[in-house]
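Enquirer: With these hints in hand, go ahead and build the complete structure from the sequences.
Residue numbers are given in full-length UniProt numbering: position 269 of the sequence shown equals residue 269, and the series is strictly consecutive.
Note that these hints are calculated values from the structure, not bench results. There may be inaccurate statements among the hints.
Distance windows between CB atoms, simulated [unchecked claim]: (1) Gly141 with Pro224: 18 to 26 angstroms; (2) Pro224 with Thr181: 21 to 29 angstroms; (3) Thr275 with Leu146: 18 to 26 angstroms; (4) Arg145 with Gly108: 20 to 28 angstroms; (5) Gln140 with Val178: 35 to 43 angstroms; (6) Leu146 with Pro197: 16 to 24 angstroms; (7) Thr275 with Arg145: 17 to 25 angstroms; (8) Thr260 with Asp96: 28 to 36 angstroms; (9) Ser80 with Thr109: 13 to 21 angstroms; (10) Thr181 with Gln140: 26 to 34 angstroms; (11) Arg160 with Asp225: 22 to 30 angstroms; (12) Glu104 with Arg160: 26 to 34 angstroms; (13) Asp77 with Gln140: 33 to 41 angstroms.
Glycine included, each C-beta is placed from N, C-alpha and C at the ideal position.
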Amino acid sequence: MIRSGLGLGFLGLSSLVTGCDRGQATSATAHVTLDLASSRRGAERAGAGLPFRFSGIPQQSDRLICTTVPGASISVDGASTQADSDGRFVLGFDRDAPPTALIEIVSGTHSARLSLDIAARTSPASQIEGLPEETVNPPQGILARLEAETALKRAAFGSRNPIARGFEESFRWPLDIVRITSPWGATRRLNAAGERPHYGVDLGAPIGTPIYAPASGFVVLAQPDMLVEGGMVAIDHGQGLITTYLHQERLAVTVGQRVTPGMVIGYVGARGRATGPHLCWRMRWRGRNLDPTRAVGSS
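Expert: This is the structure we're talking about:
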């Protein structure tokens, strides 16, 4: 186990890197930076040393900003990504991610494998009543609309903008005044129906409150009136990291538009599956649901 010097708890690391023995993996500088090729001599002897550093805490619902060889291919438990020209990439761990993540890095004829201990996170439970029934149990007549809107969201979540670099920025809150009315990851029972996880954090605010881009990126979805989400905007921050903003009264951006931190992207509303005015803020990485609040103030 490797202990961080920032009071962030204990992180487990098992090095299976060719040319780097387990005892050669060392903790490095601030923000939990680990270098699996810290022994250059040992790596050179095997001819296969690959660096791997990350900032953040490996835990359920969180993401790590990582560095390795530029252009390297990375896979983690079935999800694949590629390091950019600076060697930077993102890893994300779902709400119910298993306790160990297996990571493989490949660059040319060199490869490295390692496992990371993923810290568990508890999720609260809640009961939501008074939702529009057609948004909880949609009747047969609107299934075609739901399917069309699902296709739009799927395309947005699949965006991979090659020049967006917002993923490595320190995020801000999308509202100036933060009032969390429902935490991220809560298990919800909607209108006494079956339980399901809520993959957003709800921020209460009056209708018309400006919503700000938390980091730079490109708008990949801007729909004013979706059945469940209401007015919805999705932003691609690069490396497959997508944030979404639901239940908006009015949008202020269009698809393809570049946004910068603090730019107004829309206004709080109560459209879609909502009982009152609020912003539902979400984050996804390559099919995995992450907690966007974990990105606030970190980089």
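Enquirer: Going through the numbered hints above, which ones does this structure break? Give me the numbers in ascending order.
Expert: 4 and 12
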